[in-house]
Amino acid sequence: MLFNITVGTLIFGYAAWTLVKFVKRSRKGKCAACELNRTCQSACDEMKNS
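Numbering (the working numbering), first residue to last: 1 to 50.
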């Protein structure tokens, strides 16, 4: 029983952490949240210079 509660808490905790991280990144905007924002050669160049 204790094992089930621990595993359930870990799963829901990770899901909550992932959702919070996603929401924070989505608020930054398209280029700021992109993993390639430092090496991207697209329209994000204007974002890097400002």
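Please keep in mind that the hints were generated in silico from the structure rather than gathered at the bench. Check before you lean on any hint, since a few could be wrong.
[As the list claims (entries may be wrong)] Ranges between beta-carbon positions, derived for each pair:
| hint | residue 1 | residue 2 | range |
| --- | --- | --- | --- |
| 1 | Cys31 | Leu10 | 48 to 54 Å |
| 2 | Gln41 | Met1 | 51 to 57 Å |
| 3 | Asn4 | Ser26 | 30 to 36 Å |
| 4 | Glu35 | Ile5 | 20 to 26 Å |
| 5 | Lys30 | Val7 | 34 to 40 Å |
| 6 | Thr39 | Thr6 | 39 to 45 Å |
| 7 | Gln41 | Thr6 | 44 to 50 Å |
| 8 | Ile5 | Cys34 | 22 to 28 Å |
| 9 | Tyr14 | Leu36 | 38 to 44 Å |
Quantities reported herein were computed from a predicted structural model and do not represent experimental measurements. Quick reminder that beta carbons are idealized off the backbone N, C-alpha and C, glycines included.
Status of each hint after checking the structure:
1. For the hinted restraint 48 to 54 Å between Cys31 and Leu10, the CB-CB distance of approximately 33 Å leaves it violated.
2. Distance hint check for Gln41 and Met1: the Cβ-Cβ separation is about 55 Å, which falls inside the suggested range of 51 to 57 Å.
3. Taking 30 to 36 Å as the suggested C-beta distance range, the pair Asn4 and Ser26 conforms, at roughly 33 Å.
4. As the Cβ distance of Glu35 to Ile5 is approximately 35 Å, the hint placing it in 20 to 26 Å is violated.
5. Range check, Lys30 to Val7: about 36 Å between beta-carbon atoms, so the 34 to 40 Å window is met.
6. The hinted window of 39 to 45 Å between Thr39 and Thr6 holds, with their beta carbons roughly 40 Å apart.
7. Under the hint 44 to 50 Å, the C-beta atoms of Gln41 and Thr6, about 46 Å apart, fit the expected range.
8. Between Ile5 and Cys34 the beta carbon distance is about 38 Å. The supplied range of 22 to 28 Å is therefore violated.
9. Against the hinted window of 38 to 44 Å, the Cβ-Cβ separation of Tyr14 and Leu36 comes to about 25 Å, which falls outside the hint.
Of the hints listed earlier, those the structure fails to meet are numbers 1, 4, 8, 9, in rising order.
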